[in-house]
Each structure stands twice: as C-alpha cells, then as structure tokens.
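Peer 1: Heads up: the protein sequence lines correspond to chains D and Y, in order.
The numbers in the working numbering rise by one with no breaks, and the one at position 174 of the first sequence is 276.
The numbers in the working numbering rise by one with no breaks, and the one at position 230 of the second sequence is 332.
These aren't lab readings, by the way, just hints derived from the structure by calculation.
Where is the CB? At the ideal position from N, CA and C, for every residue including glycine.
Only true hints are included.
Per the computed footprint, the stretches of chain D lying under chain Y, defined by three or more beta-carbons under 8 Å from a beta-carbon of chain Y, are:
hint, region
1, 149-162
2, 198-212
3, 254-268
Quick list of simulated restraints, FRET-style, between CB atoms:
hint, chain 1, residue 1, chain 2, residue 2, range
4, D, Arg125, Y, Glu220, 37 to 45 Å
5, Y, Val115, D, Glu166, 15 to 23 Å
6, D, His263, Y, Asp313, 23 to 31 Å
Protein chains: 2
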Amino acid sequence: MFAPVSVDRVSQVIVDQIKLLIRDGRLTPGDRLPSERDLCQRFGVSRVTVREALRVLEASGLVEIRVGARGGAFVTAPSTERLSAGLADLLSLAPLTGSNVTEARKVVEIGILPLVVERATEEDVTDLLAIIDEAEAALAAGEYTMGLSAAFHVRVAGCTHNPAIEMLVHSFHGPILMSLRQAQMAAPTMGHKGTEEHRALVEAIKAHDVDAAVAVMSTHLERTAERTAEDAQD
Amino acid sequence: MFAPVSVDRVSQVIVDQIKLLIRDGRLTPGDRLPSERDLCQRFGVSRVTVREALRVLEASGLVEIRVGARGGAFVTAPSTERLSAGLADLLSLAPLTGSNVTEARKVVEIGILPLVVERATEEDVTDLLAIIDEAEAALAAGEYTMGLSAAFHVRVAGCTHNPAIEMLVHSFHGPILMSLRQAQMAAPTMGHKGTEEHRALVEAIKAHDVDAAVAVMSTHLERTAERTAEDAQD
DNA sequence: TACGGGATGATGGTCAGACCATTAGCACTA
DNA sequence: TAGTGCTAATGGTCTGACCATCATCCCGTA
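Start from the sequences and build out the full structure, keeping to the hints where you can.
Peer 2: See the structure below:
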C-alpha cells in the first residue's frame with residue numbers, strides 16, 4: 103500500500119540516468135556530454151554532485167574525461183581491450199586462488215579448440231607463426247617475457263572470431279594477474295619448451311586436427327599450472 | 103635532463119594509495135577507513151577531493167560506504183556475487199552479439215561437466231533436485247521465471263567447487279544480461295522442457311556419466327540458443 | 001530496578017561560490 | 001606565411017556551511 107521510498111544518493115541517480123542513455127544508444131561512443139556547469143543546471147544539482155557522478159562513470163569505464171577547452175566527458179567506445187582489463191582487475195581482487203583461475207583457464211582454452219581448429223584462417227595461422235618467431239628471437243636475445251606467451255594464447259582465442267571468447271582469454275592473461283601470480287619470472291627453459299609447444303599447436307591447427315591440438319594444449323597448460331602452483335601461496 | 107612532470111589528479115593519487123593498501127593486505131575486508139574529515143587532514147587535501155576518491159573506490163567495489171554514526175568507508179569482502187555482478191555489467195556494455203555470448207557459454211558450461219561429474223557431492227545433488235522441485239512448483243503455479251533456470255545452472259557450476267568457474271557462469275546468467283537478451287519472456291513450454299532436461303542432467307551427474315551429461319547439456323543449450331537467436335537483433 | 005524515549009555527537013550528502021590549471025582556437029605581429 | 005601570445009571554455013580543487021542519518025548515552029517514568 104505504502105510503497106517504500108528509497109532515497110538514493112543524488113549522484114547515483116544521475117549515474118543511473120546517464121548509464122541508461124548510453125545503454126539505450128541515445129549516447130553513443132564519441133559523444134560529448136554537456137559541461138559540468140551545464141549538467142548542474144539541467145539536473146538542478148550542485149557541481150560537486152555532478153562531478154561525483156562523472157567520477158563513478160569514469161571509474162566504470164563508460165566515459166573518458168579530458169580537461170581544457172573543448173574538454174569534457176566523452177562516451178568511450180567499449181573496446182574488448184578495456185573490458186578485459188576491467189575483468190582482469192576484478193579477477194585480481196577476487197577471493198580466488200591461483201589454481202582456481204588456472205583450472206578455469208584450462209576449461210576455456212581447451213574448450214575453444216574445436217572452434218579454433220574449425221575457423222582458423224590462413225591469416226590466423228600466419229599471425230600465430232609470426233608471434234612464435236618473435237618469441238624465439240626474444241628468447242635468443244634473452245628478452246623473453248610472459249607477455250609474448252600471453253599474446254600467443256590471446257591470438258589463438260582470436261581464431262574463434264568470437265570477441266566474447268577472445269575477451270575471456272585476454273583477461274586471463276592480463277598484466278595484473280600476471281604480476282600477481284607469477285611475478286614476471288620467466289625461466290629460460292620455460293620459454294624454450296613453451297615456444298616448442300606453441301609451434302606444435304599451430305601445426306595441429308593447420309592440420310585441422312582437434313585431438314592433437316587438445317593434447318598439446320593440455321600438456322602445455324598442465325606444465326604451466328605446476329609451475330604457478332609452486333609459488334602460489336594464496 | 104628535465105624529467106617530465108606528470109601531475110595526476112590528486113583524487114586519483116589517493117585512490118591508488120588506498121588500492122595499494124588493500125592489495126597489500128594492510129587494509130583487510132571489514133576494516134573501516136578514517137572518516138572523510140580525518141582523511142582530509144592526513145592527505146592534506148580538501149574534503150571534496152577525498153570524497154571523489156571514495157566514489158571511485160566505491161564504484162570499483164572496493165569499499166562500501168555507510169552513513170550515520172559509526173558510518174564511514176568499509177573495505178568490502180570481495181564476494182563472488184559482487185564480482186560476477188560487475189562482470190555482467192561489463193558484458194552487457196560490450197560490443198558482443200547474443201550469439202557470441204551464447205557460444206562462450208556453451209564452451210564453459212559444457213567444458214566444466216567433467217569436473218562437475220567428478221566432484222559433485224551428495225549435498226550438491228540434493229540442492230540441484232531442490233531447485234528443480236521449486237521450478238516445477240513455480241511452473242505449475244504459472245510463476246516460472248528464467249531466474250530459476252539461471253539458479254540451476256549456477257548451482258551446477260558450483261559443483262566444481264571452484265569459485266572462479268562459479269563466478270563465470272554466474273555472470274553469464276546475470277540479471278542485466280537476462281533482461282537485455284531475452285526480456286524475461288519465459289514460454290511455459292520452454293520451462294517444461296527445460297526442467298525435464300535439468301532433471302536428466304542431475305541423473306547423469308549422479309551416475310557419474312560424463313558423456314550423458316555433456317549430451318544433455320549440449321541439446322539444452324542448443325535449444326536455448328535457438329530461442330535467443332530469434333529475438334537477438336544485435 | 002528496568003524500560004522507553006528523547007537528546008547528542010559523529011558521519012556522510014549536498015550546496016554555493018570562488019580561484020587555479022589546462023587547452024584549443026583565434027587574432028595579431030613580424 | 002609562420003610564429004606567438006591572448007582568450008574563453010572547461011575540468012580540478014578549495015573553503016565553509018548546513019542537512020539527514022544513526023548509534024549511543026542519559027534521564028525520566030513506571
């Protein structure tokens with residue numbers, strides 16, 4: 103009968119309104135929101151309140167704020183990059199152990215292999231080989247980093263031509279997670295073995311051999327898992 | 103010679119400092135940050151700036167702010183619930199089509215079945231059956247919602263006893279995504295067929311029959327995919 | 001003595017107005 | 001024509017004030 107009145111924070115109401123506008127497409131990436139002083143008048147609130155709303159939107163990755171003339175809040179294009187970064191940020195704060203994440207990785211990265219093998223184009227294969235070459239060059243120069251391995255795995259996911267999947271894998275290999283779990287330590291032997299396996303995987307993809315691809319990826323991830331398990335105290 | 107000076111936003115510096123404290127464990131969930139007025143003095147900035155920093159931390163899900171006496175900013179326990187909510191929020195804004203997400207779902211929800219079958223306890227099975235019973239009761243009363251189906255799928259993922267995986271599946275079934283993609287419409291026939299398949303899945307789990315579980319889940323998701331494909335214009 | 005209710009102080013939420021720093025575009029000058 | 005300084009718009013920050021909320025304490029009453 104008497105509906106409960108819930109007085110949200112004013113700034114939160116503004117956030118919700120703008121979020122809705124973006125979701126509905128009334129505001130599209132690249133659009134510029136009115137200036138802070140303008141928004142104050144339209145919403146009938148003080149500038150402080152508007153600014154707090156903009157902070158929240160910015161933290162949520164929905165808008166980007168530039169200063170100076172012709173500055174203001176611009177709706178950002180939701181790139182998969184930005185999203186997987188946010189995802190990785192969330193993951194790094196989650197109450198998850200290293201083995202939890204590794205197991206999830208195995209499910210996803212092995213599960214997508216049928217799609218990868220089915221859909222990989224010649225261009226995909228070329229790209230993958232290029233990444234491996236680069237990795238080997240870096241290895242020879244003693245500059246191998248886990249980033250190169252990550253790039254390979256992400257590119258493999260890209261062979262599905264499904265941005266959702268690519269995003270998932272990308273987030274698993276995000277810089278934040280890497281630095282947390284394995285602290286950049288890239289044992290040289292690790293790199294050699296790793297690139298060998300990477301090359302074997304590409305061969306399997308090129309041959310459209312799902313079983314071989316799964317086998318290679320399984321052992322590859324298994325080995326990685328063992329190594330991360332050592333220093334994973336959390 | 104003259105090193106470039108980069109003046110970050112002051113509020114951002116504060117955010118980074120507090121984030122660091124949380125990540126380092128110097129601030130643990132449940133801890134209460136000093137009051138706004140107190141933080142002003144410690145950082146030597148105005149209250150507005152401190153408040154903007156707190157807004158960002160709140161939007162990132164790191165702290166929860168309560169008003170009134172004994173109120174303040176409390177470091178939140180990073181629950182999987184909160185995280186999958188954030189994940190779903192990100193997903194709903196991503197440049198992804200419905201079929202992209204459905205395909206990713208299939209990879210994950212089918213890929214985890216070996217783990218589910220291996221690890222499901224009697225309690226898990228009991229819970230699953232309870233959810234099905236509830237769904238059938240709701241169905242009989244004409245109150246079936248997709249939420250009940252979602253609860254089942256999440257609980258299945260819970261059988262892996264891996265919070266990372268549970269979180270992933272949870273986010274796929276988040277309320278935001280649901281409302282976006284299938285607009286709460288739950289065809290009654292859908293519900294009947296769905297609960298039947300759910301029950302078949304539980305049987306397979308109880309019998310530790312991975313192949314059967316995969317078969318059931320595959321057809322189940324396939325049917326769901328078809329239905330969502332109809333109204334998915336994006 | 002025990003209980004209920006009002007007073008109290010700490011805390012976050014909001015406001016108004018001011019000033020500073022940054023930046024793109026413009027007009028002016030050499 | 002090229003360079004340079006001005007200008008106006010915009011975000012960033014500060015100050016001080018007032019309001020709403022809420023746990024706690026204290027006092028009066030039964």
